[in-house]
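Novice: Note that the protein sequences, when read in sequence, are chains Z and W. First residue of the first sequence: 33, per my numbering; consecutive thereafter. First residue of the second sequence: 741, per my numbering; consecutive thereafter.
Everything labelled a hint here was simulated from the structure, so no lab data went into it. Ideal Cβ positions, reconstructed from N, Cα and C, are used throughout, including at glycine. A portion of the hints provided could be inaccurate.
Computed footprint of chain W on chain Z; a stretch qualifies when at least three of its residues, placed anywhere within it, have a C-beta under 8 angstroms from a C-beta of chain W [to be verified]:
| no. | segment |
| --- | --- |
| 1 | 74-81 |
| 2 | 86-97 |
Chain Z residues, not near chain W, derived (Cβ > 10 angstroms throughout) [said to hold, decoys possible]:
| no. | residue |
| --- | --- |
| 3 | 51 |
| 4 | 106 |
| 5 | 125 |
| 6 | 187 |
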Amino acid sequence: MNAQTLISFGRSLLPVLLRRGGQALAVGVLVGMLSFLMMRWLPGDFAYRIAAGRYGYDLVSAEAAEAVRRELALDAPWYVALAGWWQQLLAFDLGNSLVIGTPVIDEIRHQLGHTLMLAGAALGLSLLIGLPLGVAAGLRPGGWADRLGLLVSVALRAFPPFLLGLLMVIVFAGADLPAAGHGEAANLFLPALTLALGLAAGSSRIVREAIRNVLASEHYAFAQTKGLPLSLAVWRHALRNMALPVVAYLGVQLVFVIEGVVILETLFAWPGIGHALVHAVFWRDVPMIQGTCLMLALCFVLLNALVDLLCLALDPRHR
Amino acid sequence: MAADSFVPRRRALLLGLGALPLAACRPQGDLPAAVEADGQTLRLVGPWEITGLDPSRAGYLFSRTEISETLVDLDDQGHYVAGLASEWSVSADRLHWRFRLRPGARFHDGSPVSGAAVRQALAFARVKPGGLGMVPIERIEAGEFTVDLHLRQIFEPLPAVLAHSSTQILAPECYGASGSVRRIVGSGPYKLSLLEAPQRFAAEVAETWDGPAPAIRRLHYLAVGRGESRALMAESGQADVVYGLDPASWQRLRGNPRLQVQAVHLPRTIYLKLNAGHPLLARREVREAISLAIDRAGIARAVLRDESAAASQLLPPVLPDWHDPALAPLATDLARAGQLLDGLGWARGADGIRRDGQGERLALKLQTFPDRPELPVVAAAIQEQMRQLGIAVEVAIGNSSDIPAGHRNGTLEMALGARNYASIADPSVTLLQDFGSAGGDWGAMGWSDPALVSALASLQGSGEAAARAALRRQVTTTLQGELPVIPVAWNRLVAAVQPGLAGFSLDPFERSYRISRMRWQS
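Chain W on its own, in the form it takes in the complex (with noise of 0.2 angstroms):
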């Protein structure tokens, strides 16, 4: 049969154009070896997925896990200490400050951290958002293992600055002409080895590394978005540490045997931002009868799940500099804040919502964001809690930009934000940028009491530690009179990490992770 002979190669023909779509499959680029619990490959997961190389994007990752440094450092408590600077001097004006670079420092390229090199870095850190650029700078001198910063005013916070992420200093070789950021070649303990933006890199050991050799040789880091998908790599054990658990996995996995689960308070608040310019916000009154019906310790518990995430004030005890034991809690009293809107003659409607003198509905819009997913479950709390104090809110959940934006054309009411006051180590740069003159972005609206901003522009300058201490107890007692943004919850940064890892510790200002002082339990 002169058909049958065909036949073969007909299917030849149908199977190969069958696998054309799988043949094309391959992805791109070099696959590393599988990532497996080797006992030497530490794998970390976390919800920050690699947004761009440059330090005042994704950077963070690459400070974090310890391939890049930052001319200072911070202790535990969030004091100075030697980074890739290892002593530092000023000025008696207070205006020229020299930072002595680390002998032996180099970069994973092998060439030695130069005073040119930073140099170069800090330009270009300068004109990027971070901090850098707030800072008054004359200019930058270069030596050869130094750096020269003239101020043209005293500016106390620059260590804080020269600590944040932003600041980073790369080799040279990792900047394009107009200062993008091409490659991370740095002078941590670790060197990047894999790069597959934007959900994971690896890093092995440097051999540049001058200092103390870590115990874990390798790491490999993946951007997880979903809470839920994070939790259960934790629980599979697909994961050695899992940073950023949602309050409904962290006490799930609390109870779990074969799991450490940490937490650490953030110097981070969630804050309701108002518009004090708006026709129903001006009033203290109404701001403060807004602060006694949000039922802080019932966020806590229902959404945080976290019965000390109450926020008793703005900055919260991990900021001990900051937080004032002493100031009068904020306190939930839902008939105290009806009496204050009963006495400006707001009373309620037939639907239960005020009216105002003119007879105006008590209706606010509230906007918030959900990069920090427990954000719009607070906002809904927040909208049923005003709604019996006799105000109507609509959440709109959108991008975090529209509140700056908002802000910016004036036609922000409310806004659910969560604020990290110590951003830049010393929280006094982040409350002069949301308490200025001007209000902030991130800060107040409409609201601003210059004696605040006087406080707050003295911290940036020289001073003895007394006055200083009146000057912040001045700040918070002014924040928590006058409530230009309205504190609800302090943040925790929560994390599981299998039991055979040994040394984990979290760092409150989430500048580091801390892999070289881990090792693996034999």
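With the rest of the complex left out, here is chain Z (with noise of 0.2 angstroms):
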């Protein structure tokens, strides 16, 4: 890269920064607040929400719940209990799980490394798949391929991951393919393909739009004209072309995997945040749910700052 390119690059590179992490910091402010204050409009009291998640229906007693209320000071007004989480969270510190006890940023530490494993396979799946299905059914629209391609997708998509999980489990179970669990790597198959399904879904319809545009276009025409065969043709002038939508559109499919993440972990036993914030929504874990979205919130901005700068560095007119 020559110098100019590469300053040009960093100038550009100046404002996505700035604008990602003021993102960041409300994002995070906001999901904190709200987080805490949804929890608190919910019907039903934390004490015995909270004695029922750590000692279970047979010992969950009236007499439990009022030492979880003494013990957590749970009697405390709201606006003290928020500004104790502020005041923690400024020293960086989440607080600990009301129910299972230990250090919120332990849990999110375990839960998110197996998240983001899945999220990672799922959309390497999805790209494995979505990208050549796009390119066969680009390359002809109207053709078998593509219109076989759009029914696919449509009835994938129109599937709830948790329906499709539990076929794909069926399906696959004969094929010595573990139905749940984790430690290793065969377990990774089933929820990531499934969530992977319906990624490629939405990708390949992307794939296939940005194909039709790119080949449609002039500078692929005058590329032909000029003589270029067919492989150096694509390869140099529709490929970086194509790939900005497809990069683009991955920002927008984080909303898909995050909500398919939080049904499929469960459903497979996954060890992941989104099983966590589910049993932690049900146990009035406020902590746990507030360390949870937040950082789910963060790595949202940090992924989309690194679409941005994916797209930032594809496309030249934008520095």
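Mind docking these for me? Both chains are given alone in their own frames, and the hints should help you get the complex.
Specialist: This is the structure in structure tokens:
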């Protein structure tokens, strides 16, 4: 990379980083507040919910709930509790789980790793599935690959991840693939594939549009006119243009990933952040909810920033 | 072409950016070697998550897997046998109990299990839920290898409480300042080798164990919340033992020649808790009518897929001291139930729902919770059966704690729960909690019977065997006649086991997985 390109890339980098940094801060404040307030607005007695989470339905009783109320000072007004959380957060402390009792940050470190592994594998698989299908559809719009692709992606997108997950378990149960669990590479396959199918359903259509637009463009026509062989024309003049909308769409797909992860982790006994979030909501484990939501939100901003940077690197017009 | 020269570097940069999220993916913590069917590691799967290390929380997982021990143990019939305490004795006034610790018992850190360590563990257990808090303990004294419990009043079920997992004995180093448990160091045949809360842990044979060496050298436990997923793990051979099969999976796997499926009746009963303080439920006739309207055989067959699950009385046959075969079984008779309500002048309105004397529509709310997946389905069946009787029922599925909370603030109308009456091995302890003078969070509400309370209280004291049997009979007869709670079904524990595993059995008291009794068939 020559010096000038590097400088111009660096210059256009700064606004992206500033903007996303500001967003991260705003998102952190908002998510922390909102998850706290939403929990407060939910019906049901906190002390009883936490006691049920801790001791299970056999041992939850009014005495256990009152003991929890005393231990955690749940009678304190809400603003005291919220202020306490902010104070802790400023000291980079997410507090302790009210149910399990361990520091929230330790739980998240363990879970976020698993979730990112699942999400990363799903994104990778979705590209492996979505790219070739999209290219095949885009090269001959209206052909059988295109029409079949449309049908399958509408169907896959319409399936809730939970149902799709169950179907995958049943379909693959005979193939010696683990139905649930974690710790082995094979455990990753089914949840990742379930998630990837939904993602590929979307991205294959985007790839198809992108390919079509690029092939119809003047610069591609010119590349062909000047006599470049097909492979070189595609490599030099189509691929990068096509990559732009596909990469930008990855940012949009993150929403789908998070939604899917929350459901699928429970189904496949995958110890990720979605699984933890479902439990924490059920148990009213507020520090855990605030911590996981905060981390998810920050991941969101970070990954969107990465998508921005990738687009910036791919598209010289924005520099 | 100058431009070409930077393409590889640019590509490398792009690749690097793309790989960033993947690089962050490696989960923290030590991942153990893959858990495979290596003929060594026993792979257990169950629905129970590790919601905390504390004995009062998920500590039962560590006592079930024989990592930690309780002072007292139970044999298959529920009789007390030696655990960490090799023997015990009671003073003549029955207020002073001395437990002698097993000579040679050591914690997994190598330190001997001393009287002081036991005293500390029991002192922490007293202030946590689980049962020891109910025992009228005056003080606990520790000798070198003995522990003395001095009681304020006679409490005969003490060994039953000391067999409960919440009183398991952990090494002193496990407890934090306020009694919170930070790690698990027990004294059983297995020691914890991996812990990844909330879903899995592993254990291996402890060299400190003074008993016969177990044949199973290593075990791995995985919590899988979905019943369907658990059943599939059994079918695909991904687990050696799967606990907690749902009724549909049980029925399906029973026909699988590659699996042994075992079931055992639990001392756990699915029952309807009623607010007898509610104007519609105060009369005994109404409770009897509801009981007559419930088709227990139908629920057992269609929902639980187990004909023997229909409850004929509150306490199941697995508690032989408490199950009374002479009691007239609870019956289903919709016509008789209708007559009872007709007799009160509660006639049906145009919508088929009855009105009481004041013209009030008979509509009730039934609360239950999904932690036991069969409960919402049974609730739906009861809803329909009560509609046929002319009572409109709204089913609310919420959190298990809604039931004690509703009991305390008086808003509860009906609840469907599943109560383990031998959670403390002597059912009189749980029954006194549930049917005491103020009712109980999981028992009677707005109903009490002084004779029953006194009978249950007498059972906590000492007495001759015949007198105690008479008291028990009085308790069961009163509960059957007055129906402060309406029994619906008896629960089973079902497990699927790989055929290569020998010596497998299920503990009806759910205290142990009995892993040290199992072995691999060669």
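Novice: For each hint, tell me whether it holds in the structure or not.
Specialist: Hint by hint, here is what the structure shows:
no., hint, in the structure
1, 74-81, "holds (count 4)"
2, 86-97, "holds (count 12)"
3, 51, "holds (17 angstroms)"
4, 106, "holds (13 angstroms)"
5, 125, "holds (17 angstroms)"
6, 187, "holds (22 angstroms)"
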